[in-house]
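Student: For reference, the chains in residue letters:
There are 2 protein chains.
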Amino acid sequence: MSKLVTKITDRDVDFSQWYTDVCKEADLVSYSSVKGSMIIRPYGYAIWENIQKILDQEFKKTGHENVQMPMFIPESLLNVEKEHVKGFAPEVAWVTHGGEEKLEERMCVRPTSEVLFCEHYKNIIHSYRDLPKLYNQWCTIVRWEKTTRPFLRSREIMWQEGHTMHKTSEEAKAETLRMLKIYENFQRNILALPVLVGRKTEKEKFAGAEETYTLEAMMYDGVALQNGTSHYFGDHFAKAFGIQFLDEDNTLKTPYQTSWGVTTRMIGGIIMTHGDNHGLVLPPKIAPIKVIFIPIGTDERVLSTIEKIASNLKEEITYKIDDSDKSPGFKFAAAEVKGIPIRVEVGLRDLEKEEVVLVRRDTLEKKSIKISQVQEEIEKMLEQIQQDMYNRALKRRDEMIYDVKDYETLKDYAKNKPGFMKINWCGNMACEDQIKEETGLKSRCIIENEEATGPCIVCGQKATKRIYVGKQY
Amino acid sequence: MSKLVTKITDRDVDFSQWYTDVCKEADLVSYSSVKGSMIIRPYGYAIWENIQKILDQEFKKTGHENVQMPMFIPESLLNVEKEHVKGFAPEVAWVTHGGEEKLEERMCVRPTSEVLFCEHYKNIIHSYRDLPKLYNQWCTIVRWEKTTRPFLRSREIMWQEGHTMHKTSEEAKAETLRMLKIYENFQRNILALPVLVGRKTEKEKFAGAEETYTLEAMMYDGVALQNGTSHYFGDHFAKAFGIQFLDEDNTLKTPYQTSWGVTTRMIGGIIMTHGDNHGLVLPPKIAPIKVIFIPIGTDERVLSTIEKIASNLKEEITYKIDDSDKSPGFKFAAAEVKGIPIRVEVGLRDLEKEEVVLVRRDTLEKKSIKISQVQEEIEKMLEQIQQDMYNRALKRRDEMIYDVKDYETLKDYAKNKPGFMKINWCGNMACEDQIKEETGLKSRCIIENEEATGPCIVCGQKATKRIYVGKQY
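As given, the protein sequences belong to chains A and B, one line each in that order. Our numbering numbers the first residue of the first sequence as 1 and each following residue consecutively. Our numbering numbers the first residue of the second sequence as 1 and each following residue consecutively.
Think of the hints as simulated: they come from the structure by calculation, not from any bench. It is possible that some hints are incorrect.
You can't tell identical chains apart in this list, so a pair holds if it fits in one copy or across any two.
Heads up, simulated PhoX-like pairs for lysine-lysine below, C-alpha to C-alpha not over 20 Å straight-line [as the list claims (entries may be wrong)]:
| id | residue 1 | residue 2 |
| --- | --- | --- |
| 1 | K7 | K395 |
| 2 | K122 | K82 |
| 3 | K24 | K133 |
| 4 | K24 | K122 |
| 5 | K320 | K133 |
Start from the sequences, fold in the hints, and give me the full structure.
Tutor: Here you go:
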């Protein structure tokens, strides 16, 4: 195929460099003098806009309302919930001066907004009539990471954070799982990412949460990407903040809380799951441009045919016509590196046969199609690509999940077999720590619907759980 | 009318308190322990979402692309353009620590992003083929204001900032005016705000700009609200950043630049232009809820009639049915304080006559309408409200613009007549300063299509310009 314009490292030679190359060559991001932050360029931002639009509809359909909290958190407010501050204080950016003046109390840029929502909820929740409160916020947060990579780990993160309050713990738990399901469906059906969904261990859960649920995607290199979380807080924060409501039975009660979030990291997940040596491969449902038309030659009949086909496409099938003065080969490569799902090549020779050529980005297969059938074929092909991308990723992921029974094999696989290992575990954090230390594998999530099949892989004591372990981004 | 739930100060007794009351009682904002920042609550945020949606479509229609720049600016980067840093350095928030570590170079939270865009443009603009670059960003900026008021002056400001680069100064100037026009049309047609549009004086223009155009709205109390600006930068920033492109004639040239922005301040403008003693009054085109249905009594026929009417409304006519267990009087007042354009009251007595009652929020007029005609009437009434609100605001504003010929009258009016004064001016900053110092009036904008009608109102020398002066928020 065409590799005229791209300087993309081979994916199997240096996956990390391949990733950086794709981010850059597909015009997704750029760098600046602001260390650890990225510039999201128009093409990358258009993907994020599509993500926002679809998820925001889902949130609104389920009764959530968008709000906007301050971006700063005074130090004393961050300190209210002890587990939480311990988790976040080491990685926040501190504002100490406003203009020339030193602040009386320093403030961090929000690393997450639990404490801001709790302070607000204390002001607006008084009666059972005020519940549930189902709020969401689209914003940027800051975590002072030492090593950063575009989309995967950045000092500034664009995300949404849902924060909800409920009358009962049952209702809050149901909300935690409801939002997890919305994320799961979104990632499977729209991003074509086969995610493992489960509960985090004590060690890995969110600072301050009672339970954390996670969506774990596996990248092409077998490394895990935690691609979203949903937390059940119980009443920890509510108690720390003194939030209470008068219930129907006329007694004061403490409400139960959740939070849940996904970030631009999902774009990293798309790149590292679907991309190939030609660049990005975008699932049609999230692609900003679903079809690109490339004229072969400059004959008027070619351009008018393209315009006729394009203008008859359904509105949701966004397209671009590349009528720039570059060569067709250059245009093919440019469309490939950007991962546009379908390329339509139109030349005079095709027109004589009343045909055009459709090229699938995911497989690079070419197909000649009668012009009279092209709209229908494009619709069908987009659906097929979406489905095939998911199935291909699922198959690859499943082939890289290993049921490992003994610790020596685990150590060997950790070195030699990229992927996730399913293991039996006693539930003791010491064993989890030992695995982490000796193999670099971290627990991904508890496999909720499987019983242990043998003793703990580390200590040999009775196992109570099956878990996935794996390396992570 | 109904004033059961609201505790709103009389607008003519204490306008400032009235404003604060409306912001709070209409559930637009709330406060937190983060001084100078506000919480934008769901109803307030829904207005902002509507603003964003409509403006973003306009930007995209005119070829602009959204991007996301870092939120931090290293001090050395802020310092590159001298006028610019002088204007902004005194009012930025400085981040000095990341986690436990002191930063090698402190960074401010962006007060505006010219320098970030310029640094990026230097990297991506090389050839005439790369121009124009038409970028926009929706984000939050920070300016460390001493005194703050919700929407009007806040330490954190949600806004959009367009930043564009062009081959020629003519093209950049045309862009400056094109975006000004988009703002003007939006504010007139959607927000029903009669804005004065013109160029700022040297004294009042944006730090670093060659020309600043402004949209000046007049609030109910006669005080000006600068409600958006569009700047032509010439090549100042481009030169300071060393941005150059190879033109078609094979010579290196410096591009020309614009920036333009509007903020959540526009919501303050809506409140203070249209609001009354019952609370907020929203122009239908920006109202999150355009129609509220209030059942009188709990008879099943009442509710089923409401549902039938509501479900037959056009999709863009967003509505709410208030079937809570509050009294109708309470619900009327609640709908009024939120400024919902049309209230539909449905009771059994009306149903017997096959009628419902429509109440316009802007005039509080009631009208009985046959059920068969209600959808049509609602559509007509929404249009009428939108038009009437604009015309009413325009008339009031025009009545508060005074043509003032001598300085003594200007001083008198500054004390006794709220509004804008049209004056003749020599163009000298000293006279502008003197007016500001002695009367508190600041120049709003130059009246581009009017010749001076006499000597400068201050120094008596030849006047070269007509300008508006007025107090400002």
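Student: Against each hint, give a clear statement of whether it holds in the structure.
Tutor: Here's how the hints hold up against the structure:
Proximity of K7 and K395 under a CA criterion of 20 Å is satisfied in neither setting, with 29 Å inside one chain copy and 63 Å between copies. For the identical chains of this complex, K122 and K82 are intra-copy neighbours only, at 18 Å inside a copy versus 46 Å across copies, given an alpha-carbon limit of 20 Å. Taking identical chains as interchangeable, the C-alpha atoms of K24 and K133 lie at most 20 Å apart only when they sit on different chains, with a minimum of 18 Å there against 41 Å within one chain. Taking the closest pair of Cα atoms, K24 and K122 come within 20 Å of each other only across two copies (16 Å); inside a single copy the shortest separation is 45 Å, beyond that limit.
For the identical chains of this complex, K320 and K133 are inter-copy neighbours only, at 18 Å across copies versus 42 Å inside a copy, given an alpha-carbon limit of 20 Å.
The structure is inconsistent with hint 1 alone, although it conforms to all the rest.
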